[in-house]
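Asks: Produce the entire structure from the sequences given, and follow the hints as far as they go.
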Amino acid sequence: MNIEELVNQGKASIVDVRSPEEFRGGHVANSVNIPLQEIPQRIEELKAMKMPLVLCCASGNRSGQAEQFLSGYGIQCYNGGSWLDVNYVQSKTV
Numbered sequence: 000m001n002i003e004e005l006v007n008q009g010k011a012s013i014v015d016v017r018s019p020e021e022f023r024g025g026h027v028a029n030s031v032n033i034p035l036q037e038i039p040q041r042i043e044e045l046k047a048m049k050m051p052l053v054l055c056c057a058s059g060n061r062s063g064q065a066e067q068f069l070s071g072y073g074i075q076c077y078n079g080g081s082w083l084d085v086n087y088v089q090s091k092t093v
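Position 10 (the sequence shown) corresponds to 9 in numbering that gives the first Met the number 0; numbering is contiguous.
Treat each hint with caution, since some may be false.
Straight line, CA to CA, 27 Å or less: simulated DSS-like cross-link-like pairs of lysine-lysine [unchecked claim]:
no.: 1; residue 1: K10; residue 2: K46
no.: 2; residue 1: K91; residue 2: K49
no.: 3; residue 1: K10; residue 2: K91
no.: 4; residue 1: K49; residue 2: K10
DEER-style ranges, computed between Cβ atoms [as the list claims (entries may be wrong)]:
no.: 5; residue 1: R23; residue 2: M0; range: 28 to 34 Å
no.: 6; residue 1: E44; residue 2: Q67; range: 17 to 23 Å
no.: 7; residue 1: G73; residue 2: A28; range: 24 to 30 Å
no.: 8; residue 1: K49; residue 2: S90; range: 19 to 25 Å
no.: 9; residue 1: S90; residue 2: K46; range: 24 to 30 Å
Read the hints as simulated data drawn from the structure, not as lab findings.
All C-beta atoms in this analysis are idealised placements derived from N, C-alpha and C, irrespective of residue type, glycine included.
Replies: See below:
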């Protein structure tokens, strides 16, 4: 199953790893904001979310870093790239 199918079918949690300020400026509906630098301290919270996780940020760089880190903890996750891309994919389901 690809990221588009996961998002379209509501089978994933969307985690935005941008700063709270960036998140307030716009984000994917129903996404959760966990800034990249907070991920190590919030592993248990992430493990409790519906899997897999689709990670997004501004460009895909921070979400890629988060994907590498979380994969090391055995958390099923995917780099969704830009939040705008994930938002577009999600908007096609409505």
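Asks: For each hint, tell me whether it holds in the structure or not.
Replies: Going down the list of hints, with the structure as the test:
1. K10 / K46: 15 Å, holds
2. K91 / K49: Since the Cα atoms of K91 and K49 sit roughly 21 Å apart, the hinted pair holds (cutoff 27 Å).
3. K10 / K91: Since the Cα atoms of K10 and K91 sit roughly 15 Å apart, the hinted pair holds (cutoff 27 Å).
4. K49 / K10: 8 Å, holds
5. R23 / M0: 28 to 34 Å: 31 Å, holds
6. E44 / Q67: 17 to 23 Å: With a Cβ separation near 19 Å, E44 and Q67 satisfy 17 to 23 Å, so the hint holds.
7. G73 / A28: 24 to 30 Å: 28 Å, holds
8. K49 / S90: 19 to 25 Å: Holds, since K49 and S90 (Cβ atoms, about 20 Å apart) stay within the stated range.
9. S90 / K46: 24 to 30 Å: 28 Å, holds
Figure legend: structure checked against the earlier numbered hints; every hint is met.
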